[in-house]
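Participant: Residues per chain, in single letters:
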Amino acid sequence: MQSPSLENPGGLVLIVDDDAAMRLLLRASIERGGFDVVEASGGEEAVGLFTRNKPDAVLLDVVMPGLDGFETCAILRSHPAGKHVPILMVTGVDDVDSVSRAYEVGATDFVSKPINWLVLTERVRYMLRASRGNEELRQSRSSLEQAQQIARLGSWEMKPTESSLACSQETRRICGLGDGEPPVGLDDFLSRVHPDDRQAVERALEDAVHRGKSSRMDHRVVPLQGALTAVHHRIQVMDVDGDPPYRVTGAIQDITERKQSEQLEIDRNSVLEMVIGSDSLEVILARLVKLVENQRPQASCIISLLRDGQLVHGAASAMPEALLECLNEQAVGAEGSPPSMAAYFGDAVATTDMQIKKSSFEADFTRRALSHGLRACLAVPVFSGKGQVLGTVTLLSSEPHAHKRSDHRLLEMTAKLAAISIEQRSLTERLAHLAHHDTLTGLPNRLLASDRLDGALARCNRHSEKTALVYIDLDRFKHVNDSLGHLTGDLLLRQVADRLKGYTRKSDTLARMGGDEFLVILNRIVDISDVSKAAQRILNALVTPFSIEGRLLYIGASIGISVFPDQGLDATELQRNADIAMYSAKNEGGNRYRYYTEEMNALVIERLEIENDLRKALERNEFELFFQPQFQLSSRDVYGVEALLRWNHPELGRIPPARFIPIAEETGLIIPLGSWVLRTACEQNRTWQDAGYSPFRIAVNVSALQVVHPGFVDEVAAVLQETGLDPRWLELEITESVLMRDMSVVARLLQEIRRLGVSVAIDDFGNGYSSMSYLQRLPVDCLKVDQSFIREIEQLSELSTRSRTLLRTFVSLAASLGVRLLAEGVESDEQFKFLNEIGCEMGQGFLLGVPMPANEIEMLCSQGWDPESCHRSA
Amino acid sequence: MEMLALVDEQEGVFRMHSDHSNGGAALARAGENSPLLDTGKLDSLRSLDPGGKAGLLKRVVGIFVEKTPPLLEQMRAALENGDAEEIFRTAHSLKSSCATVGALALSETCRRLELAGRQGSLGDAPELLRSIQAQFHQVCEALIRLIEGS
Numbered sequence: 033m034q035s036p037s038l039e040n041p042g043g044l045v046l047i048v049d050d051d052a053a054m055r056l057l058l059r060a061s062i063e064r065g066g067f068d069v070v071e072a073s074g075g076e077e078a079v080g081l082f083t084r085n086k087p088d089a090v091l092l093d094v095v096m097p098g099l100d101g102f103e104t105c106a107i108l109r110s111h112p113a114g115k116h117v118p119i120l121m122v123t124g125v126d127d128v129d130s131v132s133r134a135y136e137v138g139a140t141d142f143v144s145k146p147i148n149w150l151v152l153t154e155r156v157r158y159m160l161r162a163s164r165g166n167e168e169l170r171q172s173r174s175s176l177e178q179a180q181q182i183a184r185l186g187s188w189e190m191k192p193t194e195s196s197l198a199c200s201q202e203t204r205r206i207c208g209l210g211d212g213e214p215p216v217g218l219d220d221f222l223s224r225v226h227p228d229d230r231q232a233v234e235r236a237l238e239d240a241v242h243r244g245k246s247s248r249m250d251h252r253v254v255p256l257q258g259a260l261t262a263v264h265h266r267i268q269v270m271d272v273d274g275d276p277p278y279r280v281t282g283a284i285q286d287i288t289e290r291k292q293s294e295q296l297e298i299d300r301n302s303v304l305e306m307v308i309g310s311d312s313l314e315v316i317l318a319r320l321v322k323l324v325e326n327q328r329p330q331a332s333c334i335i336s337l338l339r340d341g342q343l344v345h346g347a348a349s350a351m352p353e354a355l356l357e358c359l360n361e362q363a364v365g366a367e368g369s370p371p372s373m374a375a376y377f378g379d380a381v382a383t384t385d386m387q388i389k390k391s392s393f394e395a396d397f398t399r400r401a402l403s404h405g406l407r408a409c410l411a412v413p414v415f416s417g418k419g420q421v422l423g424t425v426t427l428l429s430s431e432p433h434a435h436k437r438s439d440h441r442l443l444e445m446t447a448k449l450a451a452i453s454i455e456q457r458s459l460t461e462r463l464a465h466l467a468h469h470d471t472l473t474g475l476p477n478r479l480l481a482s483d484r485l486d487g488a489l490a491r492c493n494r495h496s497e498k499t500a501l502v503y504i505d506l507d508r509f510k511h512v513n514d515s516l517g518h519l520t521g522d523l524l525l526r527q528v529a530d531r532l533k534g535y536t537r538k539s540d541t542l543a544r545m546g547g548d549e550f551l552v553i554l555n556r557i558v559d560i561s562d563v564s565k566a567a568q569r570i571l572n573a574l575v576t577p578f579s580i581e582g583r584l585l586y587i588g589a590s591i592g593i594s595v596f597p598d599q600g601l602d603a604t605e606l607q608r609n610a611d612i613a614m615y616s617a618k619n620e621g622g623n624r625y626r627y628y629t630e631e632m633n634a635l636v637i638e639r640l641e642i643e644n645d646l647r648k649a650l651e652r653n654e655f656e657l658f659f660q661p662q663f664q665l666s667s668r669d670v671y672g673v674e675a676l677l678r679w680n681h682p683e684l685g686r687i688p689p690a691r692f693i694p695i696a697e698e699t700g701l702i703i704p705l706g707s708w709v710l711r712t713a714c715e716q717n718r719t720w721q722d723a724g725y726s727p728f729r730i731a732v733n734v735s736a737l738q739v740v741h742p743g744f745v746d747e748v749a750a751v752l753q754e755t756g757l758d759p760r761w762l763e764l765e766i767t768e769s770v771l772m773r774d775m776s777v778v779a780r781l782l783q784e785i786r787r788l789g790v791s792v793a794i795d796d797f798g799n800g801y802s803s804m805s806y807l808q809r810l811p812v813d814c815l816k817v818d819q820s821f822i823r824e825i826e827q828l829s830e831l832s833t834r835s836r837t838l839l840r841t842f843v844s845l846a847a848s849l850g851v852r853l854l855a856e857g858v859e860s861d862e863q864f865k866f867l868n869e870i871g872c873e874m875g876q877g878f879l880l881g882v883p884m885p886a887n888e889i890e891m892l893c894s895q896g897w898d899p900e901s902c903h904r905s906a
Numbered sequence: 003m004e005m006l007a008l009v010d011e012q013e014g015v016f017r018m019h020s021d022h023s024n025g026g027a028a029l030a031r032a033g034e035n036s037p038l039l040d041t042g043k044l045d046s047l048r049s050l051d052p053g054g055k056a057g058l059l060k061r062v063v064g065i066f067v068e069k070t071p072p073l074l075e076q077m078r079a080a081l082e083n084g085d086a087e088e089i090f091r092t093a094h095s096l097k098s099s100c101a102t103v104g105a106l107a108l109s110e111t112c113r114r115l116e117l118a119g120r121q122g123s124l125g126d127a128p129e130l131l132r133s134i135q136a137q138f139h140q141v142c143e144a145l146i147r148l149i150e151g152s
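Note that the protein sequences, when read in sequence, are chains A and B. Just so we're aligned, residue 33 is where the first sequence starts under the numbering used here, counting upward by one. Just so we're aligned, residue 3 is where the second sequence starts under the numbering used here, counting upward by one.
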């Protein structure tokens, strides 16, 4: 036996012959070729030996008793190991029938008797080598097919003269050409190429076959079943040296995945660019739907947004309205459609087959989807950066179980992009809204009002129309803000805004210009009287009290109006003039409207001058203190003085406090001015005492702003120390509005002031909004009854009765609290008489003594005024 | 050596085949030493067993000499019974084994009997059987001489 080699492949040969001599010779012949031999004398024995020994080749005699050669051959071929084993049939001479029958039953070859033994050796050797070659070829073809499948690379070959292609399995798979060996017709092949690409592929093939031109190209393939496929196609001419037509082969590679991931990259960048750019959310979401469609051409996509617990339409593939409709304005819930559930649970919801998983809850959605051939549904929530659900992305496919993990990943990526888009857009919108609206009332702000006004004026110029600016400033708002705090003030502003909205037309613009100022732009004025009517309506609306935190607040408004083109030709002029008219209305007492006139302008200019001069007045030493004596009514003895501020303006003369104190408070100048008053008053009192006059108390008015100004108590202490004034000779007068700010803070401040030894008086008592209960909780020494009560003593009977009653009440209240009661503005004998009768302790007024400069107080003292006696009796 | 022998043999095969197709004349030309046995055929057998180490020829002849008489007896019985099918089968079998040992003339006679059996016309069959029996003895003698001579 020889070892196997290319020349002597070796192997085991089964010899089947009923003739012993033949077997002997066959064996000799076969063994001579280097093979091992097993022998069988008949068909049955041969099948048994074949199964046991799995020979590499079989020599089979035709004529045998029992199973003959043909039958044996057929049995061996049906054997699992016998499919490809070479079988050589030994037939009789000239037996043509046997030869053809031998091939029919699967014989590899035949040899006729008489046998040339030496040739037989070579025949068997060759046959075995060919068989091994075939086997290797089979294996290599199979591994080539596997390799092609892995690489998604198919090959084909086209014979020059035939219009058909021999295609590898993978080529068939890529093009959806079906399994099998027969060559594919060129037309069939081309029919699978996308119609738009077909001409190019056809031309490339013609160029190859007839002109020897190889080429490569990307194109699309549309298999009969399955998704659109992108391929890279190489067409290679095999024998260019010859004459056309040439033999051509091709390699066709499925690059769908690569194309898709390239497309995904492009789509994603495009979406992100849109987010950065100025495209609207609708446009961006539509682009996102396109992104999904590019990845899943067979499926449909819906993006829904979550608004107030409902899903609303965002963007979607082309699909029946009815299906989108039932998703629009659908409340999210645990028992809704898949998108609704995804939004509710904040998790992906997959329905693999809606035909099976029909639930009554989602019946509407499911029924509509099924009626449009959609069976699988996958919905994922869109999460904001903070984990809130913003909406859903839904994929619908006609194939049940169509959605895989990759679809889930795709949707999650889409959801992320959607979240970025939604959040970015809402931020932009919020910023734009913030920039153009007042956060407190939600009304357009000054900026937007200005834009609207520009638009209105442009329209007016084109159409010769009129536009009115109605400038509204609330009366007494500052008082509310100061006394009740800015939180209450804010609530009031909101209510005012709401009320104003009810009095403006849609075509008009209502804006908050800042503080307590509102603006209405009235467009397309036909009759100027309409403007007046509108202004009056607004006034009426604001006069009605506002109910805030259980309190009724009475405010009003001062309205200034300017009309284009009569009272201004551009926005700036109109706004300035409306503002001036508003100030004019306010100066006249408020709660009225005024059209701008030229005269108003002068007044406003004066006010501006006052504000300007006020800043310099302290430096220029233009302020002066006057002192008004306070009397004990029963004895008409002087008890103390109230320090009153006077401004001696170099050009305008003496300006009353009512005209500049509000301006000082508005501008914050009240703080240094108040300090000056306090110090000067203390110095003056100390001066009088040093001059030897009997000491008396000096009352100093303190603004609300001053009291709550940080360090006020320390300042009072410092002034007392520096001036050397005994604290018992200082009284601070504060208005009721100060008390209303923050009761606990104010109570603490007053406590500290009194601890210094300084007494506290409530100014304008009875005029405020508050109840009297606070008096029990607040440490005060004196109540100064507002002069309106005193004035009313002599008024019409009803008012008189009321004020007299109240004054009596005040007297007993003061007595029960153990505080002094002082009547302001005592100007007549009748008033004096009444107050004295009811037991009001003290009084102040022109009847008793006008405000006077310091030297006149000294004269009064020199005339025998003895405040000491008052204090002793008090 | 083998390759050369193979080339010779192929020529021999060619010659033999072409002779064969020209009818029985082949015997006269091919069997110069003995008209009973084909020299080329026997050489072919010998080439399977160079130097006769395995005694292949002796064993093949032994089988032939041993197995043929029972076959001839089956033929005779079949002829007696007029069993054409059996005559065809046995004649075919003997035809093959005769050809194997190079007894081509005898093989030819067997072929004629086989044909008669297949056609079911047994008129010439007794004469052919007698001829076969006579030739078999001659072939046997020739074969034994050949073996003993070698």
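Since the hints were made in silico from the structure, they are not lab data. All of these numbers come straight from a predicted model, not from anything done at the bench. Misleading hints may appear alongside valid ones.
[Stated by the list, open to error] Reference listing, derived: stretches of chain B covered by chain A, where coverage requires no fewer than 3 residues with Cβ under 8 Å from a Cβ of chain A:
| hint | region |
| --- | --- |
| 1 | 40 to 52 |
| 2 | 119 to 133 |
[Unchecked claim] FRET-style restraints, in silico, Cβ to Cβ:
| hint | chain 1 | residue 1 | chain 2 | residue 2 | range |
| --- | --- | --- | --- | --- | --- |
| 3 | B | E88 | A | D141 | 29 to 35 Å |
| 4 | A | K86 | B | G53 | 52 to 58 Å |
| 5 | B | P128 | A | G42 | 49 to 55 Å |
| 6 | A | A198 | B | E88 | 51 to 57 Å |
| 7 | A | E168 | B | E143 | 35 to 41 Å |
| 8 | B | G53 | A | N85 | 49 to 55 Å |
| 9 | A | L176 | B | E88 | 53 to 59 Å |
| 10 | A | E168 | B | G53 | 33 to 39 Å |
| 11 | A | G42 | B | E88 | 52 to 58 Å |
| 12 | B | E143 | A | S144 | 25 to 31 Å |
| 13 | B | P128 | A | D100 | 25 to 31 Å |
| 14 | B | G53 | A | T193 | 55 to 61 Å |
Beta carbons: idealized from backbone N, C-alpha and C, even for Gly.
Participant: Decide, hint by hint, whether the structure agrees.
Facilitator: Do the hints match the structure? See the list:
Against chain A, the region 40 to 52 of chain B contributes 6 residues with a C-beta closer than 8 Å to a partner C-beta. That satisfies the three-residue criterion, and the hint holds. With a threshold of 8 Å between beta carbons, the proposed coverage of the region 119 to 133 of chain B by chain A is violated, since 0 of its residues qualify and at least three are required. One distance hint, 29 to 35 Å for the beta-carbon pair B:E88 and A:D141, holds here, with the actual separation near 31 Å. Between A:K86 and B:G53 the Cβ separation comes to about 34 Å, which falls outside the hinted range of 52 to 58 Å.
Range check, B:P128 to A:G42: about 52 Å between beta-carbon atoms, so the 49 to 55 Å window is met. In this structure, A:A198 and B:E88 meet the distance hint of 51 to 57 Å, their C-beta atoms being roughly 54 Å apart. Distance hint check: the CB atoms of A:E168 and B:E143 are about 53 Å apart, inconsistent with the given range 35 to 41 Å. B:G53 and A:N85 have their C-beta atoms about 31 Å apart, which leaves the hinted 49 to 55 Å range violated.
Between A:L176 and B:E88 the C-beta distance comes to about 56 Å, which sits within the given range of 53 to 59 Å. Our hint of 33 to 39 Å for A:E168 and B:G53 holds, since their Cβ atoms are close to 38 Å apart. In this structure, A:G42 and B:E88 break the distance hint of 52 to 58 Å, their C-beta atoms being roughly 42 Å apart. For B:E143 and A:S144, the Cβ-Cβ distance of about 29 Å falls inside the hinted range of 25 to 31 Å, so the restraint holds.
The hint said 25 to 31 Å for the Cβ distance between B:P128 and A:D100, and at roughly 29 Å that hint holds. The supplied range of 55 to 61 Å is met by B:G53 and A:T193, whose beta-carbon atoms lie about 57 Å from each other.
In this structure, the hints that do not hold are numbers 2, 4, 7, 8, 11, in rising order.
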